[in-house]
Amino acid sequence: DAKTTQPPSMDCAEGRAANLPCNHSTISGNEYVYWYRQIHSQGPQYIIHGLKNNETNEMASLIITEDRKSSTLILPHATLRDTAVYYCIVRSPNPYSGAGSYQLTFGKGTKLSVIP
Amino acid sequence: GAGVSQTPSNKVTEKGKYVELRCDPISGHTALYWYRQSLGQGPEFLIYFQGTGAADDSGLPNDRFFAVRPEGSVSTLKIQRTERGDSAVYLCASSLGLAGGYETQYFGPGTRLLVL
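Residue numbers (this note's numbering), protein chains in the order written: chain A, 1 to 116; chain B, 1001 to 1116.
Watch out, some of these pointers could steer you wrong.
[Claimed, not checked] Residues from chain B that keep clear of chain A, each with C-beta distances beyond 12 Å, as calculated:
| # | residue |
| --- | --- |
| 1 | G1016 |
| 2 | E1020 |
| 3 | P1061 |
| 4 | V1068 |
| 5 | P1070 |
| 6 | S1073 |
| 7 | T1076 |
| 8 | E1083 |
| 9 | L1114 |
| 10 | V1115 |
[Stated by the list, open to error] Per label pair, the in silico range of CB-to-CB distance:
| # | chain 1 | residue 1 | chain 2 | residue 2 | range |
| --- | --- | --- | --- | --- | --- |
| 11 | B | Y1018 | A | D67 | 47 to 57 Å |
| 12 | B | L1098 | A | M59 | 16 to 26 Å |
| 13 | A | N54 | B | G1028 | 28 to 38 Å |
| 14 | A | N54 | B | T1076 | 35 to 45 Å |
Worth flagging that the hints you see were computed from the coordinates, not collected in a lab.
Predicted model only: the values in this text are computed from it and were never measured.
Every residue gets a Cβ at the ideal spot worked out from N, C-alpha and C, and that includes glycine.
Bound conformation, chain A alone:
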């Protein structure tokens, strides 16, 4: 899986949009960008994923640049409960050959602190 680079930490005021950047300059054409977050003392939680088009769901929006070398996760109205470590992951599909793995490769992520 392609390597990603994220800032180690960010602050965001409550109610404002949180924009979390991720660089993945070595991404391949069939690799997706996934975002997970991990709230303290919990397991990682899936947020959103995309290939090349921008995506939006009830949790967040994902903006991927045209060259696919970077992306931004947007939490439109951050709340205190959004304080967590956010992981950007680039991954390939499961070849399902019986030998292919579908593991997630986590970096250190970005620790987002939402400030009241």
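Given chain A, put chain B in place with the hints provided.
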């Protein structure tokens, strides 16, 4: 239950002892993963099951670690002769296990293992 469950939530053991950690995946999910997370780090892949078989165990650190999934549902991670360096949060995740798909992994809350 609707999500991935793991037991126990916390385990304290002494150096040299044997421990078993259990994971109950989401019903119908054929793919199951174990990860280990040390303090301040992102989760690291240990092993991946597709059904009953271990399709990829490349992340297991040494032969003290072993995992089984005899009926293709519940999995047990077994650690022999525990060492203090084994102290970490052990996370389990599951996914549908579809061929060629880009699958979302759903994580359990983890088991916090402390080796004294």
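If you test the structure against every hint from before, which numbers come out violated?
Failing hints: none at all.
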